[in-house]
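Colleague: Construct the complete structure from the given sequences, taking the supplied hints into account.
Below are the chains, spelled out letter by letter.
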Amino acid sequence: MSQTVFEPWTDPQAKPLIQFQNVTKRFGDFVAIDNQTFDIYEREFFALLGPSGCGKTTMMRMLAGFEKPTEGKILLAGQDMAPIPPNKRSVNMMFQSYALFPHLSVWENIAFGLKRDKKPKEEIADRVAQMLKLTRLEKFAKRKPHQISGGQRQRVALARSLAKAPKLLLLDEPLGALDAKLRQDTQFELVDIQEKTGTTFVIVTHDQEEAMTVATRVAVMDDGKIMQADTPANIYERPNSVYVADFIGDVTIIEGRATANGNGYDIAFAEGQPTLHAESSKSFQNGQSCHLAIRPEKVAITADKPDTRNALKGTILDIAYLGNLSTYHVKLGTGQIIKAQTANTRRLSRRSFTWEDPVWLSWTDTAAVLLEG
Amino acid sequence: MRRFALIAIPYIWLLALFLVPFLIVLKISLSDTAMAIPPYTPTLDLSEGWQGFRAFLAELDFENFTFLTTDDLYWKAYLSSFKIALIATFLTLLVGYPIAYGMAAAPDHWRPTLMMLVILPFWTSFLIRVYAWIGILSNEGYLNQLLLSLGIISSPLTILNTNTAVYIGIVYTYLPFMILPIYSALERMDASLLEAAEDLGCSRITAFWLVTFPLSKNGIIAGCFLVFIPTIGEFVIPSLLGGSQTLMIGKVLWEEFFNNRDWPVASAVAVILLLLLIIPIILFQRNEQKQREAEG
Amino acid sequence: MRRVTWFNVTSLTLGFAFLYLPMIILIIYSFNAGKLVTVWAGFSTKWYGELLSNQSFLDAAWVTLKVAVLSSTIATVLGTMAALVLVRSGRFSGRTLFSGMIYAPLVMPEVITGLSLLLLFIGLNIDRGVMTIVLAHTTFSMCFVSVVVSSRLVSFDQSLEEAALDLGCSQMQAFFLVTLPIIAPAVISGWLLAFTLSLDDLVIASFTAGPSSTTLPIKIWSSIRLGLSPEINALSTLMIGVVTVGVITASLISKRSSMKRLADERAAGT
Chain F
1 MSQTVFEPWT DPQAKPLIQF QNVTKRFGDF VAIDNQTFDI YEREFFALLG PSGCGKTTMM
61 RMLAGFEKPT EGKILLAGQD MAPIPPNKRS VNMMFQSYAL FPHLSVWENI AFGLKRDKKP
121 KEEIADRVAQ MLKLTRLEKF AKRKPHQISG GQRQRVALAR SLAKAPKLLL LDEPLGALDA
181 KLRQDTQFEL VDIQEKTGTT FVIVTHDQEE AMTVATRVAV MDDGKIMQAD TPANIYERPN
241 SVYVADFIGD VTIIEGRATA NGNGYDIAFA EGQPTLHAES SKSFQNGQSC HLAIRPEKVA
301 ITADKPDTRN ALKGTILDIA YLGNLSTYHV KLGTGQIIKA QTANTRRLSR RSFTWEDPVW
361 LSWTDTAAVL LEG
Chain V
1001 MRRFALIAIP YIWLLALFLV PFLIVLKISL SDTAMAIPPY TPTLDLSEGW QGFRAFLAEL
1061 DFENFTFLTT DDLYWKAYLS SFKIALIATF LTLLVGYPIA YGMAAAPDHW RPTLMMLVIL
1121 PFWTSFLIRV YAWIGILSNE GYLNQLLLSL GIISSPLTIL NTNTAVYIGI VYTYLPFMIL
1181 PIYSALERMD ASLLEAAEDL GCSRITAFWL VTFPLSKNGI IAGCFLVFIP TIGEFVIPSL
1241 LGGSQTLMIG KVLWEEFFNN RDWPVASAVA VILLLLLIIP IILFQRNEQK QREAEG
Chain R
2001 MRRVTWFNVT SLTLGFAFLY LPMIILIIYS FNAGKLVTVW AGFSTKWYGE LLSNQSFLDA
2061 AWVTLKVAVL SSTIATVLGT MAALVLVRSG RFSGRTLFSG MIYAPLVMPE VITGLSLLLL
2121 FIGLNIDRGV MTIVLAHTTF SMCFVSVVVS SRLVSFDQSL EEAALDLGCS QMQAFFLVTL
2181 PIIAPAVISG WLLAFTLSLD DLVIASFTAG PSSTTLPIKI WSSIRLGLSP EINALSTLMI
2241 GVVTVGVITA SLISKRSSMK RLADERAAGT
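Protein chains in written order, with this note's numbering: chain F, 1 to 373; chain V, 1001 to 1296; chain R, 2001 to 2270.
Please keep in mind that the hints were generated in silico from the structure rather than gathered at the bench.
Please note that the accuracy of each hint is not assured.
Claimed, not checked - Mimicking EDC-like on lysine to aspartate or glutamate, the simulated pairs with C-alpha atoms at most 20 Å apart in a straight line are: (1) K144/F - D2264/R; (2) K68/F - D39/F; (3) K144/F - E2231/R; (4) K115/F - E2161/R.
Said to hold, decoys possible - If you anchor each label on the Cβ, the simulated ranges turn out as follows: (5) W1209/V - K181/F: 29 to 37 Å; (6) L317/F - Q2158/R: 26 to 34 Å; (7) G2100/R - G198/F: 55 to 63 Å.
Just so you know, even glycine gets a beta-carbon here, dropped at the ideal spot from N, CA and C.
Modeller: Listed below in structure tokens is the structure:
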């Protein structure tokens, strides 16, 4: 491949655009952000993902300047942001409610920020026209926000926040108000616009699919802390904690004790069940408690005993038919339930398993992720 | 700095033109009756510092308040204001509830018009609305003319300058205040509730008493306070429609001030009126707050 | 709650008859030719002529208008500021007293407000006149304005103002370019309320007016205390007419704009 992969966070020479340095934010006794240090690089599409109340919105509002860190520093291109009020920052924000000015037309909304900079008229008109074209809103320039659809409003909000060509664009749940179908189309449009403009985007969302689709890196947050910040693939395939593994996608977590064996560990998890094996570069002491996280799509389901190290016997408790996929809930002799997923490549009538069938579950040595207890 | 100015300007205005005047009333009510012209004794001499303040306090007395208790005109006036306000509020409720109910039951496209018709009188002059009743209720007024010509009565009824006229005036002028809160409570009510009640075996009338009425309770309470509180201190209606025997404290205060020029007593009357009003006002506030909490 | 029954129709008819008949009678008899108000003596507009040539009424009307415009304008500015303080400023020392002073005048009997202000003006040796009435009216009507405006501000989406700051506005610019235009309808109705309250007020004006500053309600009061007067009937009719036209126009405008908005939203497919 001639094209280099965009991964500035792996390059020690790269200079981050934004640096959080030991940032803590408290509201009274409540700790919203707990001593966080991390970097965001230029041209990144960085997603803050987490349940409501995890601190992701506070993080974004600190970047915008609506909140100040209680402790620590936030640097933008090496400069401390603390003394700079929101209206003097080259950071713009797209609000969850869009916050379009209802008394102004689409054109005036987009021109609003430019006018504050006292730019010459022609320059403003040019820039607005450019933004309207980028967001395909040319036809709606004269309309008021209530005269356009939800999707169009979303694009006006985006155009307005991009008009001033900020170094950093913040997007607070930008697609939250759109219906499912429109959301999918808009996700790709957002990525497209981000690549076209080369602006650094930071998006806040609670929708993991959205984060995985648009972001170069996803930061999974919980309780004021970033649990893991990595590429979507790594977050999914190599979660660093039970929380992240459980938060992203579907997973079965098996609790057990690790014993070193070859490149990985054997995990004993229940009386009368065979030990499982998982390769791992992490180090565990013999007998240390651990968690094994395994994604359902990596678990094979067969009628006969397979010839692998990780094989468990159980009966089918439940089948969730999702059309393209089916998820089987298989109950082991110990009562533990393991999820297995298969692609429905055949028609329903030809499907091989049904309720109460005894089956074998199996997976490869590299399929499961071993996590600290 | 800007925030400071934003708070300070209205704050200082209200301190100077609301709180300070009221403190002056309080002070004068405790001053001596003998000198009806300012400066009243005692005067507060701040140049003497704390001593002066102590001396000032020592000279204040409750003489005016004692005077109010000796002359039964005053407590009778308080009592009668209370009674008139209470009866008038009840009458307003009786007249207002069916109107609010009818509005809430009206078809959707009628409601804005009905609403406007209720609010319109509120924007027209209070004085003129009271004045309109003089022509109707007087001995040779339109009502008596009508009743005489219909042969229902043989000699004119005396309504003007009686308490009856005062009740009519209060009901008439304060009716919108009663209708609007009840209407807004009824309007929010889900029609299926009544259907459910009837489905469960209520007759229309029991459904009204068991469902509609309790659900409009907050509107009724709010409406009653909105009529009761201003009625107690009412001056215009008893003066224009009431007679010499109509005793209301707002009128007494006015006369004490403008006719007898006894400012300390007028101030004492005002202070007691306010103390009496504090109870219903607090009850009203509490009701509003409860409602707000219930709504979310 | 949709039931058109005889009971409802009757209660509405009787109710609105009660509300409107007295005013309708007043209007009809304002065109009475006779001097005796309650006895019909043929149609005439002569009392309107008399009224409009009566200098003392015209003077009083002019004073009233001056007072109402001045006091409602100042009250709107102060009341809007007070509403911003109540809704936005969070906690500050003296907040309880502040909100108390906003709500108290709403329920304070007018006789007490009037009395207390008069005692203040006398204490400070201020000559009573137009200015003292303006001060008095501003004080109680700013409280009404602040209640109207703050009920709008409560539902105001704070992120609109943040968006303005984010796009480079100062706090002041954000208020004047974004917040004020959006809450303008509430501010205007606050002004109208303050204006009407001022036009209507007899009691407080009586306490705070000087000999040269008789307002229309004071003038009406002194003439109706002596009984019915055909001139007052004519004046009442004029006042009712102006208010009716105003209220109907306002409600038509707001109805049309809300219908247009609804149609727009439907067309936009939201």
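Colleague: Take the hints in turn and mark each one as holding or not.
Modeller: These are the hints, each one checked on the structure:
The straight-line distance between the Cα atoms of K144/F and D2264/R is roughly 9 Å, inside the 20 Å bound, and the hint therefore holds. About 18 Å separates the Cα atoms of K68/F and D39/F, which keeps this hinted pair within 20 Å; it holds. The hinted pair formed by K144/F and E2231/R fails the criterion: a straight-line CA distance of about 51 Å is larger than 20 Å. With a CA separation close to 16 Å, the supplied pair K115/F and E2161/R stays within the 20 Å bound.
The hint said 29 to 37 Å for the Cβ distance between W1209/V and K181/F, and at roughly 50 Å that hint is violated. Between L317/F and Q2158/R the Cβ separation comes to about 49 Å, which falls outside the hinted range of 26 to 34 Å. Restraint check, G2100/R to G198/F: a C-beta distance of roughly 56 Å satisfies the suggested window 55 to 63 Å.
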